[in-house]
Amino acid sequence: MKRIAFFLVVMMAFICFVAIPLLAQTKKQPAKVASKKGTCISCHKDIQTILPKSHKPVTGDTIGACIPCHKPDLSGKAEPKPYASMLHRPHVGEGSKVDCMICHTYQRNIFGISGTKVNLGKIEKEDLDAMKGIFSSWAQSKNMDAIHGKANMMCSACHNNKLTTKGDTVENERCLSCHGPLEALQKRSEPKDFPDRNPHNSHLGDIACTVCHHAHKPSTVYCLGCHGNFKMKIPGS
Amino acid sequence: MYLENIKVRVNGEKEQELKVFIHEVSEHIREYKELISLDLFRNTTVPSDFIIQLHWKEKIDLKQGSPLAYYILEGLQKIGLTNYTIWAEEVIAKDNSMQDYRPLNDDKSGCLINKTKEVLSMEKKEDDKIKTNKVTRRGFLKAGVTAGVMAAATGLALDLSKKDAEAAERKLPKKWDEEIDVVIVGSGFAGLAAAAEAGKKGAKVVILEKMPTYGGNSIINGGVYAAWDSKLHLRQKKNLGEDSPKQHFDDTLKGGDYYNIPELVKNFTAGSADALNWMIDEGGCKLRDAITRAGGHSAYRTHTVVEGVGRGFTEALRKIAEKYGAKIRLSNEITWIWRKDTEGPVLGVEVKTPKGKRNIKIKKALILASGGFSRDIKMRQAFNPSIVPEYNSTNHPGATGECIRFAQAIGADTLQLAFIQLYPFAEPETGILDNPAVYPFNGVGYGLIYVDKDGKRFVNELERRDVCSMAQIKLGKKPTYSIFNEEMVVKMGGTMEEIQKGMAKGRFIKADTIEDLANKLKIPAQNLVETVKKYNQYLKDGKDPDFNKPITKAMIPLDKGPFYAVAQWPAVHHTMGGVRINEKAQVIDIWGKVIPKLYAAGEVTGGVHGSNRLGSNAIPDCVVHGRIAGINAGQEKA
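Taken in sequence, the protein lines are chains R and V.
Counting with my numbering, you get residues 1 to 237 for the letters of the first sequence.
Counting with my numbering, you get residues 1001 to 1638 for the letters of the second sequence.
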């Protein structure tokens, strides 16, 4: 028994001090090469180096090369969508201010994907600009969108199958499809000390989740507007 | 010798700029032959204010103030003047060293002009339009008094009396985004009641609510409703004496020191029973089997809704409103009321929505039901500086009164904005009106008493809210306590379940004897025992020689435990003043005319409650006037 334990410790040490740094070395940082604008190889000289080993060779140098296999899906099922998630995250996070238009097209208010005929929908310029900020929040902030982002959930998980416009909101049913049913949620959030200080079962009755839970800006506890002495916390604040 | 005083206030950071500017001006005063001296002082009582004193040889124009004063104010506006006051005095030499000052104008205050930031910003825009001949600083000083300068100075005020004047400094929208029959601002008691009635008349009704939840302050209100009767006839069944609309009317006027507009009081005291029945019948509202006599009322007429909070009424009203097709739009805040001129009707509203700005054209009417301004410290201070910023408030954060200013901007008259009520029994730490905070209000008719930290009574518990609040404040020791026993709980409209909940939160303190109760409250036990003993005797005697409380047979002596206590302290609760309405709930302008298609109801209006609103009169006021506004608005021609 002791031998097995010792062996495990040695293995762990090996993994930590030798294997991980080795792996990290093999994952090369993208080389910044001045090249034709609007293609993947503008930054990633050899696309193969940033793909998983098992990935079959890629031909082509734009996002168009990915689409035949990784079909864009805006069906809006509240499911994780690792491909779109993984692709967006490194490109919109801090320090990688990649122009959306390298992979996307925007003509006559139609938002699409470069090198394809994919039509993601109609969107106003103002909303498109806002989307950049929202993606950045999703990729790296402390807001609720980032919490969902970490679970590889994309916009469509909450916003259904269409592009969002200013002031769009998310209906309670949508939130409750994962976090519900409401009764169970109320049970979970019931404070042990004061059961009637339950934020999900308050004297304000049936209110929108978004009163407190803001996706793209810090969430706030609405109760505290009057009950300043309550000790309440909210994720994504 | 004459003294002209200009009291000014600028933003804190700009004080240095103010001093530099005044210094600059003082270097040129020789150009004014009549001017003896110019001095700048900091106001010792209000250190954020400065006083500029101009000593003149000759008498100054009392209507205008001197041109130099206006020149100074103009300069200070560029720096960031927030408000100013001008007054003038004659300096009379008494003897060699003493001087006496006599105000020059008849007005007791001696004040010529007093303006706030809002007025100034409007004036500035107006002024910019008027000023065609630009007056430079040097040129002005050299010119002294010139016609052009006087025009700039006197033309500052927005002249609403001109028929061709746009009712504000803002241009009407070129196109409307939407047309709606009746738009209601606010989703509290008044707004919902109005929506129900206007909807019933067949109008398309939209309620705009700026907060992300419906119900405003009403949904967190104490849930008590004064009516002389209802279909349940609780007072009669419990054999608690007589009452009538007239008696309710008289109490309300007396409680408001007769500042109330009698027609409006008559509206709601006569209509309150019917409105209550309406909520019971059509809205499914349920009342507790209790009726109480509250401070300032001479009868047992305060009804409590089953929920024990205003939500019991707002839910009933919402149900009726939605039945008649009214829609509530949350997070929709109005930012302007559109009116073309001072004769015509209200045309529409500008609204900030989550999707951006919208201009809504109003076909039938606009109803303001936007509540009071208890949570707007600046506005409170502007009208009643004695309500200092340190006071807590029972209100929700949205009670900020901007709609009163929007109404003023299109010519609406306002009244009694200085009357601001403190709720005497709020939770001392945060100022909220939680469920236990209703007990001190509901219990007095059944013998509940108030004691201070020394264990002594300090007021006639059946007194009005303003009296109870001031009595506490004058004690100077926070908090005070209500003392009651278990026998009173259900009679005063409470429940043992509420008592248990309140105890779990540390709000209600329970003890089997008065002595124990005092020890738990950490107040002198001997005093409290003595106070209660004396008080019980007063009930037997039917007379309260200490505070002259009218003793009734419904009052229960504090001789049997368990006893309870709840801590209490005043917090800003209700703003009695607001826009002026007539008995049809139509808004009246500053010339006494009806503003066509504009109605108002509820706390946004003034004059209903006079100087002090009696507790449990708010809901009947809101519901009855809301209904009146809704019926009349729904009948307007599109």
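In short, the hints are calculated from the structure, not lab data.
There's no promise every hint is true.
Claimed, not checked - Facing chain V, from chain R, some residues (calculated, C-beta under 7 Å): (1) PRO57; (2) LEU120; (3) GLY121; (4) THR164; (5) LYS166; (6) LEU204; (7) ILE207; (8) CYS223; (9) GLY228.
Said to hold, decoys possible - Far from chain V, some chain R residues (derived; all Cβ distances over 12 Å): (10) LYS56; (11) ALA65; (12) CYS69; (13) MET86; (14) THR165; (15) LEU185; (16) ASP193; (17) ARG197; (18) SER202; (19) LEU224; (20) HIS227; (21) GLY236; (22) SER237.
The structure presented is a predicted model; accordingly, all values stated were derived computationally and were not measured.
In this text, a Cβ means the ideal position worked out from N, Cα and C, and glycines have one as well.
Hint-by-hint comparison with the structure:
no., hint, verdict
1, PRO57, "47 Å, violated"
2, LEU120, "21 Å, violated"
3, GLY121, "17 Å, violated"
4, THR164, "11 Å, violated"
5, LYS166, "6 Å, holds"
6, LEU204, "5 Å, holds"
7, ILE207, "5 Å, holds"
8, CYS223, "11 Å, violated"
9, GLY228, "5 Å, holds"
10, LYS56, "45 Å, holds"
11, ALA65, "38 Å, holds"
12, CYS69, "37 Å, holds"
13, MET86, "31 Å, holds"
14, THR165, "7 Å, violated"
15, LEU185, "18 Å, holds"
16, ASP193, "8 Å, violated"
17, ARG197, "8 Å, violated"
18, SER202, "10 Å, violated"
19, LEU224, "10 Å, violated"
20, HIS227, "6 Å, violated"
21, GLY236, "16 Å, holds"
22, SER237, "16 Å, holds"
Checked against the numbered hints listed earlier, the structure breaks hints 1, 2, 3, 4, 8, 14, 16, 17, 18, 19 and 20; every other hint is satisfied.
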